[in-house]
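> Residues per chain, in single letters:
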Amino acid sequence: MRPADRELSIAWLGLVALTVLSFAAAEGLIAHRFALAAIFAVAAFKGQIVASRFMEVGHALPHWRTLYRIWIFAIAIVLAGGHFV
Amino acid sequence: MVLHGEIGSAPKPPGTDGIWTFVFIDMIVFSLFFIVYLSERLRLPDVFAASQSRLDPNFGLVNTLVLLTSSLFMAEAVAAARTGNAVRVRTRLALALGCGAMFGVSKITEYSEKFAAGITPVTNSFYSFYFLLTMIHFLHVLVGMMFIAHCLSRARIEAGQPGFLPKLENTGLFWHFVDLLWLFLFPLLYLAGLK
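Top line first, the protein sequences correspond to chains A and B.
Here the first sequence is numbered in numbering that gives the first Met the number 0, starting from 0 and rising by one per residue.
Here the second sequence is numbered in numbering that gives the first Met the number 0, starting from 0 and rising by one per residue.
I should point out that these hints are in silico values taken from the structure, not numbers from a laboratory.
You may find that some hints are simply not true.
Some chain B residues close to chain A (C-beta under 8 Å, calculated; not the full set) [unchecked claim]:
| no. | residue |
| --- | --- |
| 1 | Asn-169 |
| 2 | Leu-172 |
| 3 | Phe-183 |
Beta carbons are placed, not taken as given, at the ideal position from N, Cα and C, and that holds for glycine.
Let the sequences and hints guide you as you build the complete structure.
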């Protein structure tokens, strides 16, 4: 396997693992106030993996790089925060 | 890591500037949907909680895994195009397209169950958002599948020609964005309602 393909496969494995973990956590722990915040934090982390490994945001023009990364964190904070108001 | 097959120079940004702009505008539009959703949830917390608990999170989980896998195949198709491996480009695009079709089947099954249970977009405020957000996302999936099918049909002739790689990268960026959106729709609609 070429190094580039290996990196993509590792990223995919990480994304799958995080998805299954957050699903299991949601089923068992969602009654806990901060479990939902953790689930959106995991979503943000997964979003950063998709952006950096699949979309190659790191090689985009600087303003897009910044805006895309900020959007992922900002939307996760908004979604999590909206459940705590 | 060397990208785009370039050695000794800064990698060229993937895709065209237009696709980065288009996708970011789409991101902003979805941000507004999310904010309105949250404001309605604040107004009607009991309606949202009761309605969310009737969604089947297994559909959300399967759809997430299917889209993540399709994103992997799409990224592998782009990587193969950069090395001039036209056969691998075609197989990876076909697999990505297959995953898109699986997502479609899953979504239609889920909608059918809801309609059979008498749940429609006008049942209540939560289901209005559920159908609106997921249907707009599904529309993105269908558009992405059309782009992938186009690239697949042209790969045999155009792979290796100068215009093919930017077209494939643009398709990939759009497809990954569809995946990225789902990564937030999944916890918002399905996981936040679990007890």
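> All hints, please: hold or fail.
Taking the hints in turn, this is what the structure says about them:
Among the interface hints, the one on Asn-169 (chain B) is violated; its C-beta lies about 11 Å from the nearest C-beta in chain A, farther than the 8 Å criterion. With its C-beta approaching chain A no nearer than about 6 Å, Leu-172 (chain B) sits inside the 8 Å limit, and its interface hint holds. For Phe-183 (chain B), the interface hint holds, since its Cβ comes within 8 Å of a Cβ in chain A; the closest pair sits about 6 Å apart.
In the structure shown, a violation is registered for the earlier hint numbered 1 alone.
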